[in-house]
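Keeping the supplied structure of chain L fixed, place chains Z, Y and F upon it in accordance with the hints.
Protein chains in written order, with the working numbering: chain L, 2 to 269; chain Z, 2 to 269; chain Y, 2 to 269; chain F, 2 to 269.
Treat the hints with care, as some may be off.
No distinction is drawn between identical chains; accordingly, a pair holds when it is met within one copy or between any pair of copies.
Derived pair list, reagent style DMTMM-like, types lysine to aspartate or glutamate, alpha-carbon separation capped at 25 Å [unchecked claim]: (1) LYS66 to GLU221; (2) LYS66 to ASP217; (3) LYS25 to GLU236; (4) LYS53 to GLU34; (5) LYS53 to GLU172; (6) LYS53 to GLU221; (7) LYS25 to GLU248; (8) LYS66 to ASP194; (9) LYS82 to GLU248; (10) LYS25 to GLU221; (11) LYS146 to GLU236; (12) LYS53 to ASP194; (13) LYS80 to GLU231; (14) LYS159 to ASP9; (15) LYS159 to ASP129; (16) LYS191 to ASP9; (17) LYS25 to GLU231.
It is worth saying that the hints were derived from the structure and are not from the lab.
One letter stands for each residue in the lines below.
There are 4 protein chains.
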Amino acid sequence: MISPPNEDNLITPGDLILIYLDIKRQYLIQAAEKLNLSSDLGNMNLGEIIGKPFGYVGETHLGKKYYCLRPSTADLMFKVKRKTTIVYPKDLGYLLIETAIGPGSRVIDVGTGSGALAMVLAKFVAPDGMVFSYERREEFIENAKRNIERAGYLRNIKFYCRDVAVKGFTEQAIDAVFLDVPEPWAIVPKAADALKGGHHLVSWSPNVEQVKRTVDVLRENQFIRVRVSEILEREILVRQQGVRPRERGITHTAYLVRAQKIIVGSRD
Amino acid sequence: MISPPNEDNLITPGDLILIYLDIKRQYLIQAAEKLNLSSDLGNMNLGEIIGKPFGYVGETHLGKKYYCLRPSTADLMFKVKRKTTIVYPKDLGYLLIETAIGPGSRVIDVGTGSGALAMVLAKFVAPDGMVFSYERREEFIENAKRNIERAGYLRNIKFYCRDVAVKGFTEQAIDAVFLDVPEPWAIVPKAADALKGGHHLVSWSPNVEQVKRTVDVLRENQFIRVRVSEILEREILVRQQGVRPRERGITHTAYLVRAQKIIVGSRD
Amino acid sequence: MISPPNEDNLITPGDLILIYLDIKRQYLIQAAEKLNLSSDLGNMNLGEIIGKPFGYVGETHLGKKYYCLRPSTADLMFKVKRKTTIVYPKDLGYLLIETAIGPGSRVIDVGTGSGALAMVLAKFVAPDGMVFSYERREEFIENAKRNIERAGYLRNIKFYCRDVAVKGFTEQAIDAVFLDVPEPWAIVPKAADALKGGHHLVSWSPNVEQVKRTVDVLRENQFIRVRVSEILEREILVRQQGVRPRERGITHTAYLVRAQKIIVGSRD
Amino acid sequence: MISPPNEDNLITPGDLILIYLDIKRQYLIQAAEKLNLSSDLGNMNLGEIIGKPFGYVGETHLGKKYYCLRPSTADLMFKVKRKTTIVYPKDLGYLLIETAIGPGSRVIDVGTGSGALAMVLAKFVAPDGMVFSYERREEFIENAKRNIERAGYLRNIKFYCRDVAVKGFTEQAIDAVFLDVPEPWAIVPKAADALKGGHHLVSWSPNVEQVKRTVDVLRENQFIRVRVSEILEREILVRQQGVRPRERGITHTAYLVRAQKIIVGSRD
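Just chain L, with the same shape it has in the complex (with noise of 0.2 Å):
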């Protein structure tokens, strides 16, 4: 768990930690007193960064510099071993801000995958919240459970092998519901049983097919205020000879739908 560090701010052992040498060599370790990284700029002996304080500048045997930085939360969700495609930071950062969790929220996550996106939102459900992660493999749970162990956040998450499209969820009163699926809009009426009134189920997809299936069937079951938006980042590289956007990256990674459950006939 990143939160509560020590109030030194000290490596200790079990510390997730980005160590930094350039753009392209950035790895995410956890420290131990008997750690070696080894690179093409030289190997590194990482058993001495222990209670040295997060910043930490060493030096390879090569004489290069590393830095032992603190891994952002997209950090951790880029650095998960994963046999999916994962939700991207800028994606998903998005689509927390556009519910209305933190805190405490009971959330549900379909499908687990790598488990990057159960992480996270177990992250800032903590420390009385819980994600309740669904998926149909199971060896894919259990994958997700070593990436998430390392993070410290499994006691905030329950996981479930089960096709909730036909089985359905077992929690009632949910306060936001995450679909990662090829096929979302076959769970649409069943997160909708799992969902508190007024509550977001929130849904990506690459496809405008998806889209347009996901948004026709969530019209038809009691959701409003549907929407779809795509959010695309453009890296700007700031160098000495000029400013420019850089030339090559990601174009499109998921159109991402929000909508909001409604009770109908709740009048009395």
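Here is chains Z, Y and F on its own, set in the frame of chain L:
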């Protein structure tokens, strides 16, 4: 405070509610026993929604439906009373994920402005974290307090009326610094003093020159992994007659700068 | 006709001129011995510009300067009298380059609309090429003719009032077909008949569904190298207080489809 | 020269042809009686396509189909032999439309580079217009000539090996000036001398600082209506499994500057 809502998810006096008629008629109100709201689609007696569940569907006196929705974090941001431009949800969501903060973190925010940023940070560091919000103009702090009180996050924020470029920050060992000021470069040295090693400073500015100068000063002040991005949101309209991006909209808000502090001379 | 201007580049009656006061006050006029133009920044006696060189700086009766500029091709497009949306310069410039047409080409244009597209195509196939412009609504052709006459390109355009989805084209061995209609797929088989082997059909539509259906029909009709792009223009403001993109603007116009005809069974 | 093709649209020796197998295998060749082309999908005896119509479908010796397509103007640009970056079709198409040039225009191009720009300008000012192409490095001119000769546009271009920032241009009363150099601002005063009043100078640069300095110098040198844009192309994939933008691609090429010359002191 949004969370924790009562278990039954019933509307009670003091709750913030998004009254939604359609895309152009959305109102953030605070529930009360006696409350009337008028729109060009009819008047709403909002006293009657007390005790109803969130998601309740009401009707104006002209028979137009309205929906009682849980406001998202983005809704809270957009609906503050403001005297300045606000940070956009697309930008803030991204910056949140690009730092390491979460429940329990201690964060600095300069300047307070309308309070939208401090409010959201407070939400995500709750219940035990703190936001230290610095602002030079006393009247902005007063307005911000009113905005945030309504949302229930005042107890996680401490305000200072101070020119931090000159006088610096009171706190040390801070988990992240957020800068939303016209001259962020002037604050970077003070931010370096307040920040934990390895942790994140983020800043955003509309103009390229501001970004360049901030980046230069960050590099001179022991910051590493300095990166700049722009986040663009594109709304997609999903309608019966066809799916397409919206034809007009926001095309620029700010460039987002992130950097991490290192501790030079930390080798023994 | 814009070119060739007289050698001295002097304004003569009949010339199209962009009278430019500032970004919000730009007028496309046709020079005449007697011509007055009013704006909220003063009246202009435009008779006095006859015999002056292009680039002339005049003054309104209120002392505000105005500039006599040569209209660009894009200016001619934007300033037509229109009853429909027009193709944007950013899109047309791209499509022009994505075909093989140039001076001397024979091109088909469906539908005529305001005539902006036919006018620009005529300009670039002049002096010896021809544009064959098809439109179902007679009144649109009349309006288009008036727009194009002013710009001087009528002699390179032949108009037809016809439903080409049903009746097809009169011409054969055409160098390129441009489709700007709500149902481009319905015209693709006829376009295939009219087009030279190996040559280009281009089409643009605002909605994804239109694009998908058009692409499907192109693939069924002996077209290869079917590609779809979107062209986005972002205006950058360069000002004393800083450089940044404009904050609001056009965010979508059309998806651009291009394909090339093949001749199946052409092997002997 | 692409146009006029023979009436029968048959492939004859000397024709430029795009041999298209699939998106990754596209070759711009010049038709000849004896010509073989190899690819990893088989060899092609391209002698056999002489006398066949454009659009002809051939087969490699491994039975893979290839298509004989008419190259677009953009294809000609992309397939030049280059020692420098080229202007992209999306940018050039836009700039072409943003000036007033067309058949018959007299245009200046600095610097020649690979010749792609001069070639396209020559195509669009043909048959009677001229491009005056300036370049400081003799070897670039030689390479450019070879590129353009193949496309058939040499007779509409005159090359100069000259440092125009110092020595200026030979021509006067030019219809448009295109600047593709690292320091466009240094050429602006000379360009002002060469350009017709009211006409267009365009320039493109990858970095913001270049743009700012160019704009400042344009404003100091009797140019008005100075505007800067960026053109972004987004490729859309239309496939059976769904429609979506391509996931990776080009994210920046250049900022496009346009301005028009005025004639100060032109009042009598």
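*asked:* For LYS25 and GLU248, with the copy left unspecified, which applies at a CA distance of at most 25 Å: within, between, both, or neither?
replied: both (16 Å within a copy, 21 Å between copies)
_Reference check for the pair LYS66 and ASP217, CA-CA at most 25 Å: within, between, both, or neither?_
between (54 Å within a copy, 20 Å between copies)
*Which holds for LYS159 with ASP129 at a C-alpha limit of 25 Å: within a copy, between copies, both or neither?*
For LYS159 and ASP129, both the intra-copy (13 Å) and inter-copy (24 Å) Cα distances are at most 25 Å.
_Alpha-carbon proximity context of LYS146 and GLU236, limit 25 Å_ = neither (32 Å within a copy, 35 Å between copies)
*Quick one: LYS25 to GLU231, C-alpha cut-off 25 Å, is that within a copy, between copies, both, or neither?*
For LYS25 and GLU231, the Cα distance is within 25 Å only across copies (21 Å; inside one copy 27 Å).
*Intra- versus inter-copy proximity for GLU231 and LYS80 (alpha-carbon distance at most 25 Å)*: So LYS80 and GLU231 pass the 25 Å test inside a copy (23 Å) and across (22 Å) alike.
*asked:* At most 25 Å between CA atoms: does that hold for LYS53 and ASP194 within a copy, between copies, both, or neither?
replied: between (50 Å within a copy, 18 Å between copies)
*Copy assignment of LYS25 with GLU221, given that the CA separation must stay at most 25 Å*: Only across copies: LYS25 and GLU221 sit 22 Å apart there, 47 Å inside one copy, limit 25 Å.
*Up to 25 Å between alpha-carbons, please classify LYS53 paired with GLU221: within, between, both or neither.*
between (57 Å within a copy, 23 Å between copies)
*Identical-chain pair category, LYS53 with GLU172, by Cα at 25 Å*: Intra 44 Å, inter 21 Å, cutoff 25 Å: inter-copy only.
*Up to 25 Å CA-CA - ASP194 versus LYS66, copy category*: Only across copies: LYS66 and ASP194 sit 22 Å apart there, 54 Å inside one copy, limit 25 Å.
_Reference check for the pair LYS25 and GLU236, CA-CA at most 25 Å: within, between, both, or neither?_
within (15 Å within a copy, 27 Å between copies)
Violation of the numbered hints given earlier is confined to hint 11; every other hint is satisfied by the structure.
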